[in-house]
Every structure is written in structure tokens, then in C-alpha cells.
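Participant: Residues per chain, in single letters:
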Amino acid sequence: MKTRIKELRARYGMTQEDLARKVGVRRETILFIEKGKYNPSLRLAHDIAKSLKSRIDDVFVFETSSAKRVNRRH
Amino acid sequence: MSSKKSTMNARRIKVGIISMAAMAIILWLILMSKEIMTGTLSANFFITVIPLIGILALLAAFVKRRETSLKNGMPLTDELSGAIDNKAGRYTVTVTMWFLLASALYQMFIEEFALPNILLRHFIWLVFFLMMLVFVGFKWYLSRKGI
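Those protein sequence lines, which keep their order, are chains A and B. Be aware that the first sequence starts at 1, since it is given in this note's numbering, and climbs by one per residue. Be aware that the second sequence starts at 1001, since it is given in this note's numbering, and climbs by one per residue.
Please note that the accuracy of each hint is not assured.
Facing chain A, from chain B, some residues (calculated, C-beta under 10 Å) [stated by the list, open to error]: (1) M1032; (2) S1069; (3) N1072; (4) G1073; (5) P1075; (6) T1077; (7) D1078; (8) E1079; (9) L1080; (10) S1081; (11) A1083; (12) G1137; (13) K1139; (14) S1143; (15) I1147.
In the EDC-like style, the derived pairs of lysine to aspartate or glutamate whose C-alpha atoms are separated by at most 20 Å in a straight line are [stated by the list, open to error]: (16) B:K1145 to A:E28; (17) A:K50 to B:E1111; (18) A:K35 to B:D1078; (19) B:K1071 to A:E34; (20) A:K37 to B:D1078; (21) B:K1071 to A:E28; (22) A:K6 to A:E28; (23) B:K1087 to A:E28; (24) A:K22 to B:E1079; (25) A:K37 to B:E1079.
Listed below are several chain A residues computed to face chain B (Cβ distance under 7 Å; list not exhaustive) [stated by the list, open to error]: (26) K22; (27) V25; (28) R26; (29) T29; (30) F32; (31) Y38; (32) S41.
Keep in mind the hints are simulated off the structure, nothing from the lab. Glycine included, each C-beta is placed from N, C-alpha and C at the ideal position.
Bound-form chain B, shown alone (with noise of 0.2 Å):
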């Protein structure tokens, strides 16, 4: 791959990545809008603070990284990358299914149990919130043990 494509495409996932964050914050803002707007806010609305900052901080390493690899001449990509990815996806789909599945069984017994309730927008965040953390988690660990 040419130096000037491979700018081009570094450009290309910059933008990409800014705008994932603007539409993760805007998105925030309108789960949150109720709360914010009447000014009652829950614990609930705290909490989902912290996967927005750490989303935002993995948006910003991830950025980071992309732009050391590109000063050293090191493609951005290549097929040992996308296989990581490729299996940390999986595995990710893997374990979401199954929080979906046990959330769908803990949503059956909230009367029987009086157990407490979640709201889905709060709910929508722990479920973006985990998906990131067990796909870059995978990722850190397929890149130590090799696939």
C-alpha cells in the first residue's frame, strides 16, 4: 500500500472515529435528556457516565495508536490484526448472547423476586458498555496469547 493511500485511509479512520464519538456523547445526551432536563438525577444516570468517559478514552488510545503506527511506517492493518479482530468479534457476539439471554430471564422473575428494575436506556448502555469491554479485552488477550 502506498504512503498516500495509506494517509488518506489514516485520515479516513480519524473521521470515523470522531464522529463514532460524536454520536456516542449525542446519543447520551438523548438517553439522558428526561433527567437532565428536570433535573432529578438517579444514580443510574452517573453510572452510565463512566462507560461514556470510557468509551471516549478507548476512542482516543485507539486514534492514538493508529497515528504511532503511521509515523513508523507500519501498515494500519494487516492479516494478523484482522484475525484478532475477527475472533475477538466473535467472542464478543458469544458472551453478549448470552447477557442478553440472562437479562431476558432476570426481566421474567423482577415481579416473582421484587428484584430491582432497569430502565432500558440505562440498560442499552450496559449492554454497548459490555460488549466494548469483552471485545477489547479479547483483543488484548489474543494479542498476548497469539491465535
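The following block holds chain A by itself, in its conformation from the complex (with noise of 0.2 Å):
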């Protein structure tokens, strides 16, 4: 899963230490979200999309062959 995080804080001229303060976590989760070494509950999910005023599936990328496996699932 990939992230659009960073792009959009820079959009907002937000921190990762802003962005953890509001979401109310620690800087260090914000960290491993964006470089992906982490996945998020929903709720923090819900959360991070709302601070950076869009959706979830704007914020969060899935990759395309997941989407695929899923797509060859169904």
C-alpha cells in the first residue's frame, strides 16, 4: 500500500509532528505509515484522510496487482 501523505501535508505546509498531534498519535506512526512499514486501523485511516481534508482511497493507494488478485477473486 502506498500513501499520498506526504504530498498532501506539504500541500497543507504540515509536519508529521502536526499531523500526529492532531490525529493523536505518535510522529513515529506517521513515519511508518508513509513509508509503508506500517497499516493503519480504519478509524486512524478516517482520521489522517479527514486532517488532510480528503477521502481514504485519495490518501491511500493500494497496489494495482492487489486490485487485480482481488478483481480475479470476484
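Join the two chains, each given in its own frame, into one complex according to the hints.
Facilitator: Structure follows, in C-alpha cells:
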């Protein structure tokens, strides 16, 4: 899973720390999510998207190969 | 979480850590009481001092880190730190179980191979130290690698 958090943060002039404070997590959590080392819970993903004034699927982008696997199953 | 609640939680954690440190020292003194009272200090006595100092240093570093987080207005724990603690805890239990199994096998063959015997009170400290070391190690590793 890739994220556009860094790009959206830059748009609104937010640091990782600002975003972390807004959503109530540690800065390291935002860093890990940006690097793709941690998948946030639905609640946290929603809070991040809300803070960045975007939709969840605009902030978190799933890989094309995973989407293909899901489509093949259905 | 409000800052007042966060401060109260931080205070509770600090009191808890100080209590743990005091308990560790008291337990160590009780386990080593025989050796301390008779004045016959074996090599194992000094070996058990090292884990005690290590444990106290870790607890002090933990308190300092928590106070820094609080000062910066960051939460003490969040979902990532909780997930890391859970995973590190599971790995620690697994490693400790294997170590205890190996220790049981060692005990079985002590007489047969004339292996050195380890006193129970020293073994307890060894297991305690191993668990702390493994937990901290895995926590450090998962904090770098991610989960």
C-alpha cells in the first residue's frame, strides 16, 4: 500500500509532528505509515484523511497487483 | 485524550516504574541475602549485579523517554507502539520457552557430563535478564523494521 500523505502534508504546510498531534498518534507512526512500514487501523486512516481534507482512497493507494487479485476472485 | 488525563497517566506510569525498580532491588537483596550476610560472595553474585544495573538503567531510560514525549505533547502510546509491544512480547515468550526447555535438558545431563550446576536464585535472574533483553531487542528491531 502506498500513501500520498507526504504530498498532501506539503500542500497544507503540515509537518509529520503537526499531523501526528492532530490525529493523536506519535510522530513515528506517521513516519511508518508514509514509508509503508505500517498499515493503520480504519479509524486512524479516517482521521488522517480527514485532517488532510481528503478521502481515504485518495490518501491510501493500494497496489494495482493487489487490486487485480481481488478482481480475479470476484 | 486530554492533557490532564495524559499527565495523570504519566504520573501513574512513573509511580509504577519506581515501584518495579524498588521491587527488583528488594528481590535481588532477598535472593542474595544469604551470600551478603555470610560475606561469601561467589562469582555468580557479581554476575547478578550486572542484570540488576541493566534493568534499573532501562527503567530510567523508559521514564526519561516518556517525560520527553509528554513535554512534546505526544501521546505516551498509540496503536503502532501497542502493536510493536504485542509482537515483541509474543516473540519474547517464544524465545523464553525455548530457553527453559534447553535449561531443562541441561539439568538432565548435569551429572552425566559433569556440567557446572547453576543455583536457582541465579537462574531466576538469568531468565529475568534474558526476557528483558529479548523484549527490548525485538522492540528496537520492530521499531526500525516496522510491522
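Participant: Now, for every hint given, state plainly whether the structure supports it.
Facilitator: To see whether the hints hold, each was checked on the structure:
Interface hint at M1032 of chain B: violated, since its Cβ lies 39 Å from the closest Cβ of chain A, which is beyond the 10 Å cut-off. Using the Cβ-Cβ criterion of 10 Å, the hint placing S1069 of chain B at the interface with chain A is satisfied: the shortest such distance is roughly 7 Å. The restraint placing N1072 of chain B at the interface with chain A holds, with a minimum CB-CB distance near 8 Å, inside the 10 Å limit. For G1073 of chain B, the interface hint holds, the least distance from its beta-carbon to any beta-carbon of chain A being 6 Å, beneath 10 Å.
Of the supplied interface hints, the one on P1075 of chain B holds, with its beta-carbon coming within about 6 Å of a beta-carbon of chain A, less than 10 Å. For T1077 of chain B, the suggested interface contact is upheld, since its CB lies about 8 Å from the closest CB of chain A, less than 10 Å. For D1078 of chain B, the shortest C-beta to C-beta distance to chain A is roughly 4 Å, which falls under 10 Å, so the interface hint holds. Among the interface hints, the one on E1079 of chain B holds; its C-beta lies about 6 Å from the nearest C-beta in chain A, closer than the 10 Å criterion.
Because the beta carbon of L1080 of chain B sits about 4 Å from the nearest beta carbon in chain A, less than 10 Å, this interface hint is met. The interface hint given for S1081 of chain B holds, since its Cβ lies 7 Å from the closest Cβ of chain A, which is under the 10 Å cut-off. At a threshold of 10 Å, the smallest CB-CB gap from A1083 of chain B to chain A is about 8 Å, leaving the interface hint in force. The beta carbon of G1137 of chain B comes no nearer than 18 Å to any beta carbon in chain A, farther than 10 Å, and the hint placing it at the interface is violated.
Using the Cβ-Cβ criterion of 10 Å, the hint placing K1139 of chain B at the interface with chain A is not satisfied: the shortest such distance is roughly 12 Å. For S1143 of chain B, the suggested interface contact is upheld, since its CB lies about 7 Å from the closest CB of chain A, less than 10 Å. For the restraint placing I1147 of chain B at the interface with chain A, the shortest Cβ-Cβ distance is roughly 6 Å, inside the 10 Å limit, so the hint holds. At roughly 12 Å between alpha-carbon atoms, K1145 of chain B and E28 of chain A fall within 20 Å of each other, so this suggested pair holds.
Only pairs whose Cα atoms come within 20 Å are accepted, and K50 of chain A paired with E1111 of chain B is rejected, the gap being roughly 67 Å. Pair hint K35 of chain A plus D1078 of chain B holds up; C-alpha atoms about 18 Å apart against a cutoff of 20 Å. Taking the CA atoms of K1071 of chain B and E34 of chain A, the gap is about 25 Å. The hint is violated against a cut of 20 Å. Proximity of K37 of chain A to D1078 of chain B is assessed by CA-CA distance (about 16 Å); at most 20 Å being required, the pair is judged to hold.
Annotation: proposed proximity of K1071 of chain B to E28 of chain A holds, straight-line Cα distance about 16 Å (limit 20 Å). Restraint check: the Cα-Cα separation between K6 of chain A and E28 of chain A comes to about 14 Å, which is no more than 20 Å; the hinted pair holds. Straight-line distance between C-alpha atoms of K1087 of chain B and E28 of chain A comes to about 17 Å, which keeps the hinted pair within the 20 Å bound. Taken as a hint, the K22 of chain A and E1079 of chain B pair is honoured in the structure, with Cα atoms around 15 Å apart against an allowance of 20 Å.
A C-alpha spacing of about 14 Å is found between K37 of chain A and E1079 of chain B, which places the hinted pair at or below 20 Å, so the restraint holds. Among the interface hints, the one on K22 of chain A is violated; its C-beta lies about 11 Å from the nearest C-beta in chain B, farther than the 7 Å criterion. For V25 of chain A, the shortest C-beta to C-beta distance to chain B is roughly 4 Å, which falls under 7 Å, so the interface hint holds. Of the supplied interface hints, the one on R26 of chain A holds, with its beta-carbon coming within about 5 Å of a beta-carbon of chain B, less than 7 Å.
Taking 7 Å as the C-beta cut-off, the interface hint given for T29 of chain A holds, the closest approach to chain B being about 4 Å. This hint holds: F32 of chain A has a C-beta 5 Å from the nearest C-beta of chain B, less than the 7 Å allowed. The interface hint given for Y38 of chain A holds, since its Cβ lies 5 Å from the closest Cβ of chain B, which is under the 7 Å cut-off. With a least beta-carbon distance of about 6 Å to chain B, the hint placing S41 of chain A at the interface is held under the 7 Å criterion.
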